[in-house]
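Line order of the protein sequences matches chains A and B. Using the working numbering, read the first sequence as starting at 288 and increasing by one per residue. Using the working numbering, read the second sequence as starting at 14 and increasing by one per residue.
It is worth saying that the hints were derived from the structure and are not from the lab. Just so it is clear, the structure is predicted and the values come from calculations on it, not from any experiment. Please note that a few of the clues may not be correct.
Unchecked claim - To be clear about the criterion: a stretch of chain B counts as covered by chain A if any three or more of its residues have a C-beta under 8 Å from a C-beta of chain A, and this derived list gives those stretches:
#1 200-213
#2 243-249
#3 504-511
Unchecked claim - Computed list of lysine to any residue pairs in SDA-like fashion (alpha-carbon distance at most 25 Å, straight line):
#4 K438/B - V492/A
#5 K454/B - E444/B
#6 K438/B - R345/A
#7 K438/B - V541/A
#8 K256/B - V541/A
#9 K504/A - V492/A
Positions of the beta carbon are idealized from the N, C-alpha and C atoms, including for glycine.
These are the residues of each chain, in order.
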Amino acid sequence: MISYDYLASRLATSLAVTFGVSVVTYGLIFLTPGDPAEIILSQQLNRQPSAAEIEAFRAEHGLNDPVPVQYLHWLTDVFRGDLGSSYYSDTSVSTLIVEAVPLTLELALAAMLVALAISVPAGVVSAVHRGSPIDYASQLGALLGVSMPNFWLAYLLILLFPLKLGVLPVAGAGSFGHLVLPAITLGTGMAAVVTRLIRSSMLEVLDEAYVDTARAKGLRERIVVYKHALRNALVPVVTILGLQLGTLLNGAVVVEIIFQRPGLGSLLVDAVFERNYPVVQGVTLVTAIVFVATNLLVDLTYRYLDPRVQLGGETA
Amino acid sequence: MDSSRRRLLAGIAGGGLASLAGCSGASTADETAFTIGLASDPTDTSQYDNWGGMTPYWTRVIEPLVWGTDDMQPKPWLATDWTATDDTTWLFDLREGVPFHNGKELTADDVVYTFEENILTERGDFIYGWLHLEPGSVTKVDDYTVEFETTDPFPGFPGTIAHNMIDIQHPDADRQAGKIIGTGPFTLEEIQPGQHVRVERFADYWGGEPNPTELTFRAAEDETTRTDLLESGQVDLIYNPAKSRLSLLRERDDVRVDAQQSAGAVSVWLNIHRDPTADVDLRRALNHAISQEELVGTVLEGVGEPARGPISPVIDWVDEDELPTYERDRDTARELVDRSAYDGEELSCLVSADMDDGRTISQVLESQFGEIGVNVAIELLENASVKDRTNRGEFHLHIGSTGSNSPGADYIMWENFHTMGVDNKDLYEAEGTGLYNLGGKVDDLIETGYQSRDPAAKRDAYVEAQRKIMAAAVVVPLFYQEYIVAADAAVQGLELHPIERFAEWRDLTRTA
Numbered sequence: 288m289i290s291y292d293y294l295a296s297r298l299a300t301s302l303a304v305t306f307g308v309s310v311v312t313y314g315l316i317f318l319t320p321g322d323p324a325e326i327i328l329s330q331q332l333n334r335q336p337s338a339a340e341i342e343a344f345r346a347e348h349g350l351n352d353p354v355p356v357q358y359l360h361w362l363t364d365v366f367r368g369d370l371g372s373s374y375y376s377d378t379s380v381s382t383l384i385v386e387a388v389p390l391t392l393e394l395a396l397a398a399m400l401v402a403l404a405i406s407v408p409a410g411v412v413s414a415v416h417r418g419s420p421i422d423y424a425s426q427l428g429a430l431l432g433v434s435m436p437n438f439w440l441a442y443l444l445i446l447l448f449p450l451k452l453g454v455l456p457v458a459g460a461g462s463f464g465h466l467v468l469p470a471i472t473l474g475t476g477m478a479a480v481v482t483r484l485i486r487s488s489m490l491e492v493l494d495e496a497y498v499d500t501a502r503a504k505g506l507r508e509r510i511v512v513y514k515h516a517l518r519n520a521l522v523p524v525v526t527i528l529g530l531q532l533g534t535l536l537n538g539a540v541v542v543e544i545i546f547q548r549p550g551l552g553s554l555l556v557d558a559v560f561e562r563n564y565p566v567v568q569g570v571t572l573v574t575a576i577v578f579v580a581t582n583l584l585v586d587l588t589y590r591y592l593d594p595r596v597q598l599g600g601e602t603a
Numbered sequence: 014m015d016s017s018r019r020r021l022l023a024g025i026a027g028g029g030l031a032s033l034a035g036c037s038g039a040s041t042a043d044e045t046a047f048t049i050g051l052a053s054d055p056t057d058t059s060q061y062d063n064w065g066g067m068t069p070y071w072t073r074v075i076e077p078l079v080w081g082t083d084d085m086q087p088k089p090w091l092a093t094d095w096t097a098t099d100d101t102t103w104l105f106d107l108r109e110g111v112p113f114h115n116g117k118e119l120t121a122d123d124v125v126y127t128f129e130e131n132i133l134t135e136r137g138d139f140i141y142g143w144l145h146l147e148p149g150s151v152t153k154v155d156d157y158t159v160e161f162e163t164t165d166p167f168p169g170f171p172g173t174i175a176h177n178m179i180d181i182q183h184p185d186a187d188r189q190a191g192k193i194i195g196t197g198p199f200t201l202e203e204i205q206p207g208q209h210v211r212v213e214r215f216a217d218y219w220g221g222e223p224n225p226t227e228l229t230f231r232a233a234e235d236e237t238t239r240t241d242l243l244e245s246g247q248v249d250l251i252y253n254p255a256k257s258r259l260s261l262l263r264e265r266d267d268v269r270v271d272a273q274q275s276a277g278a279v280s281v282w283l284n285i286h287r288d289p290t291a292d293v294d295l296r297r298a299l300n301h302a303i304s305q306e307e308l309v310g311t312v313l314e315g316v317g318e319p320a321r322g323p324i325s326p327v328i329d330w331v332d333e334d335e336l337p338t339y340e341r342d343r344d345t346a347r348e349l350v351d352r353s354a355y356d357g358e359e360l361s362c363l364v365s366a367d368m369d370d371g372r373t374i375s376q377v378l379e380s381q382f383g384e385i386g387v388n389v390a391i392e393l394l395e396n397a398s399v400k401d402r403t404n405r406g407e408f409h410l411h412i413g414s415t416g417s418n419s420p421g422a423d424y425i426m427w428e429n430f431h432t433m434g435v436d437n438k439d440l441y442e443a444e445g446t447g448l449y450n451l452g453g454k455v456d457d458l459i460e461t462g463y464q465s466r467d468p469a470a471k472r473d474a475y476v477e478a479q480r481k482i483m484a485a486a487v488v489v490p491l492f493y494q495e496y497i498v499a500a501d502a503a504v505q506g507l508e509l510h511p512i513e514r515f516a517e518w519r520d521l522t523r524t525a
């Protein structure tokens, strides 16, 4: 049973981390060179804005206030549930995030499915047949997957499927077909990492006494491997998957651009380059919360996968 | 058992492939519907929420009062005529019988509403400085006449409002709900965020019923993806395909590639208030070091025109034949370097990482300047950092561009070259310097051109100012920008414009 003390302490840590992230982000974006008024106006107008236009923009968005005052205004609004509005328009940051999340989440989950579909059988087979040609082939595949830049794989997949075979859309979103190539592109790299991890974890577990016991009991090898060994081998894998999910949420920018699936990653990167501070702050805050929540979830999952694992305050 | 499992797996695989084949998303078989691949996202709400979730550009759902001719002159559109009754007052006569998409007729009330309630209220205070208008400055004279009172004498007003952002919308529009009511040849039907905007033909369009029944504007921000979309037949037309694939596209019989000179120009801008680029001999030497023809032919794959001045000649008050020329002549360049105050120090050259081909262009320039003994250090920075450095005058050379999205292009002269222009004002007021401002007579000429209502007088003043600017070698002109449209060869009737976003789709057809 997980104690309330443990949950309360984790929640307090999470809040502190999130607050720290917001302070650091706010400080960093104001330390970076470039005036948002000038950057944004020159994009909107497609020309150099005049001094009067720049001054009007700065006044309208409170950019003439000292940075700590701006931060306090932002923080106060956040506690009221308002993440502010994009400097480009009156669109609220929450709306922008809500619009970006479905595409990001859809891609992240699909990529993770692809990664698991490849890595679990490959890692297990590789470990079970250690030293065999299958093992070497699996390790070579994993090495290729890790080494291959995902933009390159993306273009190769486009070349093969839509251009040569005439199947699947080149880019876009809205159907299952649109999801296939980006998910494979993103999932392959992750599969490579997870395959290697499952292999090494399985090798350790397969040497454990309880695996020998299971075999001695006359259980079929498939049951031994997939029910007894794999479940225990997954504990370190879950950690990696949790971190990878967090990374996928805003780290898939290249894939988002190539396949025209603008999600959280593109939103954040564009906002940084445009000095669109409210959007940078909002997306960073949400991402920090997702990371913290994912980590908490991962810790709780350990408990499910291996009842021997103790979380703070628990008694064995 | 095994054989039935194999059959099942084969069936699943076959079905999967068949369903993938059905997922290709090839462009519609409807001969009168067209799909256009854009380099920017037409649904970018982070920038354009006032248009209900689509950009004001490209789609031709909404229209401004004034449009632009091919030589960047204001052209009557929803307004048929305009006159200045004094230095700050303009009367615009509206076209009669123009229906909105909801069937109601355009009147002065709609124009006043659009400016007062939408443009001057919702789109940010920067609009005041741009249009030289403030809230309360637009009034109805009669049903078809509107009066504009600018904050100061602004002869460029009609050209400035010839811009997609200054469009007229009906008061019944619900922009936040994506319900846009304009007067354009197409009506808004669907917005798929991050993906596309779909419009349909407006049969009652005042300029005549358009040919296409439907247009879909697809976002395809990556140039390789955009080119793949065209090659796979999933779009009919794209803007700016990947340069690396241009020659292959040009060889294909089923693809047509068109180039259109734009209102943009790229130059190396020289900080004339910082040593050693303050020395005119060094600046002239840099001009003699460059072969614009070579640059366009190699780095740009022929996309662009060699430039002789800092502003595109598609703008009517630019006449490059009047400008002094600097042929590539390394001997002359070296002599000028020897004569100058330059003594081998490293010159900083700022390049924005966002700039198309910026890295390659800067590497070529670095080599060509090196050949005349001038040592240049390229700094590839993100756009905001470049602006920050240029604002503080902490550079010698900067590769940058000028351009305009409306016929009102006077600001190029004012903001870049006038002492009180945005590029120079802060440094001038703080230190008595600037960046690209020669001051004196050039300032006078720019003021004359800016305030002139007579096109010939404006042209004379601006051409004379540009002549002085080039004689003093304030910039090293590189190329006038072009943009490329690649289309299925069967697609005909596209009218391109120096302002990319002014493209006219009404006559699009597909030949057999």
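Tested hints:
1. Given a C-beta distance limit of less than 8 Å, the hint that chain A covers the stretch 200-213 of chain B holds, as 5 residues qualify and 3 suffice.
2. Check on the stretch 243-249 of chain B: 3 of its residues sit with their Cβ under 8 Å from a Cβ of chain A, so the three-residue criterion for coverage holds.
3. For the stretch 504-511 of chain B, the assignment as covered by chain A is violated, since 0 residues bring a beta-carbon within under 8 Å of that chain's beta-carbons and 3 are needed.
4. With a CA separation close to 71 Å, the supplied pair K438/B and V492/A exceeds the 25 Å bound.
5. Restraint check: the Cα-Cα separation between K454/B and E444/B comes to about 20 Å, which is no more than 25 Å; the hinted pair holds.
6. Simply put, K438/B and R345/A have alpha-carbon atoms about 17 Å apart, close enough for the 25 Å limit, and the pair holds.
7. Distance hint between K438/B and V541/A is unfulfilled; the C-alpha atoms sit about 39 Å from each other, more than 25 Å.
8. Proximity of K256/B to V541/A is assessed by CA-CA distance (about 20 Å); at most 25 Å being required, the pair is judged to hold.
9. For the hint linking K504/A to V492/A, the alpha-carbon distance of about 17 Å falls within 25 Å, and the restraint holds.
When the structure is compared with the earlier hints, violations turn up for hints 3, 4, 7 and for no others.
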